[in-house]
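Novice: Chains as they are written, first to last, in our numbering: chain A, 1 to 184; chain B, 1 to 190.
Treat the hints with care, since some could be wrong.
What the hints assert, rightly or not - One-sided and incomplete, this derived list gives chain B residues near chain A with beta-carbon spacing under 10 Å:
#1 V10
#2 L50
#3 A91
#4 I97
#5 T110
#6 W113
#7 T115
#8 N122
Bear in mind the hints are in silico, worked out from the structure with no lab data behind them. Here a beta-carbon is modelled for each residue, glycine too, at the ideal position from N, C-alpha and C.
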Amino acid sequence: MTDEWSIRRIVRTMIPLLAALSVLQLVSGTVLETFEAVLVSNPALLVLVPVQIGTAGNLASITCSRLTTQLYLGTYELDRSNPDLRANAGAVFALAGTVFGIVGVAAWAIGVALGGTLGLGRVLLVSLVSGMLLAVLVVVTSVAAVEASYRAGLNPDDTTIPVVTNVCDIAGVLILFGVVSVVV
Amino acid sequence: MAGHDTARDVYRQALPVILVSLIAGLFAGTILGSETMRAGISEVPGLLLLLPAFLATRGGVYGSLGARLSTGLHQGLIEPRFRLDRRLTNAILASFINGMTVSVFIAVVTYLWLTLLGTAGNLLQLVGIMVVAGFLSAVLMISVLITVIFVGYRRGLDPDNVIGPVVTTLGDVFGVLFLLVGIYVVGVVL
Chain A
1 MTDEWSIRRI
11 VRTMIPLLAA
21 LSVLQLVSGT
31 VLETFEAVLV
41 SNPALLVLVP
51 VQIGTAGNLA
61 SITCSRLTTQ
71 LYLGTYELDR
81 SNPDLRANAG
91 AVFALAGTVF
101 GIVGVAAWAI
111 GVALGGTLGL
121 GRVLLVSLVS
131 GMLLAVLVVV
141 TSVAAVEASY
151 RAGLNPDDTT
161 IPVVTNVCDI
171 AGVLILFGVV
181 SVVV
Chain B
1 MAGHDTARDV
11 YRQALPVILV
21 SLIAGLFAGT
31 ILGSETMRAG
41 ISEVPGLLLL
51 LPAFLATRGG
61 VYGSLGARLS
71 TGLHQGLIEP
81 RFRLDRRLTN
91 AILASFINGM
101 TVSVFIAVVT
111 YLWLTLLGTA
121 GNLLQLVGIM
131 VVAGFLSAVL
141 MISVLITVIF
151 VGYRRGLDPD
161 NVIGPVVTTL
171 GDVFGVLFLL
181 VGIYVVGVVL
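The shape of chain A in the complex, shown without the other chains (with noise of 0.2 Å):
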């Protein structure tokens, strides 16, 4: 009988999925890296980056979470009359619009706190345009995925959740840096 909590297991089933995990986080990196000398002279932008990645992550796996219930319950239909559709894409929407709106003000503040020289219209703009794009890919792709995974049979808690939260966290760096790129 294999026993589900000895180390060796935990350890082999684990391990793979992490260093797979981290590969695919260099793309992020790569990124980061590319902007290093203009994220060393605006420190709003470094505050920006782990706000973006984790709204991007906790969005999506809620997003992930209640579709996968929907699906459970009968509710979920791909339909874009359907409310529930509605409202999580709408929640999503109105939760970045808060988000990104706040991070914006409080990431100017810090940076100049920081020494920085970046202005609150740029910081604003960047935080917000960069924010609502990342709604919308959290949506699409959370849908996508959901939709994906039951057509295919598989269970969407498994293997739907992680996948998505990390596509979003990497997409939330590429749209960052996309914005960052024509704004700054």
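Since the structure of chain A is provided, determine the placement of chain B on it from the hints.
Specialist: Same frame as chain A, but now just chain B:
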């Protein structure tokens, strides 16, 4: 009808968790934007490269430890006591091994990737920083998780609702802080 939440309901339910992670993110961001950290970023090639991987694996390693302990408690396989139980010590040791192995792995992959990009990196420096940061995060995350899960469980809290926010919040804030400590320690030693 039950099960049909409006956008407003979803917003209200999700906002607290999102705000907690926002505050944690701002703390982590402030440490990241501090003058010492920016100096470190300029001096140590590869630091920004490994940052997302380092933060993401915190969640993977300790989130799964939390989920495992929570399942064990619900199934009655482990007891919410600070005692040397085989299952409990195994789970803790395994997450420690996972955390340290992945930290070193990230340092090595970052070094290889830097070399491939044509930047000169210092393998010993990167491994050193990751070992220090990985070790400190392991000690902190394991102690806090066990305490929160056990104490919470005895008071009737479902650990499943606690693990997520605890791991995200502490993982990010202390991940960045311990990275800074790692840079400092390695700078003194090397």
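Novice: A separate judgement is required for each hint: does it hold in the structure or not?
Specialist: Hints and how they fare:
1. Here the hint on V10 (chain B) is kept, as its CB sits about 4 Å from the closest CB of chain A, short of 10 Å.
2. Against a cut-off of 10 Å between C-beta atoms, the interface hint on L50 (chain B) holds, since the closest Cβ of chain A lies about 6 Å away.
3. Hint on A91 (chain B) holds. Least Cβ distance to chain A is approximately 7 Å, under the 10 Å limit.
4. Proximity of I97 (chain B) to chain A holds as hinted, the smallest CB-CB distance being about 5 Å (cut-off 10 Å).
5. For the restraint placing T110 (chain B) at the interface with chain A, the shortest Cβ-Cβ distance is roughly 7 Å, inside the 10 Å limit, so the hint holds.
6. Taken as an interface hint, W113 (chain B) checks out: its beta carbon lies about 6 Å from the nearest beta carbon of chain A, inside 10 Å.
7. Look at T115 (chain B): its Cβ only gets to about 13 Å from chain A, farther than 10 Å, so that hint breaks.
8. The beta carbon of N122 (chain B) is not positioned within 10 Å of any beta carbon in chain A (closest approach about 15 Å), and the interface hint is therefore violated.
Hint violations for this structure: numbers 7, 8, all remaining hints satisfied.
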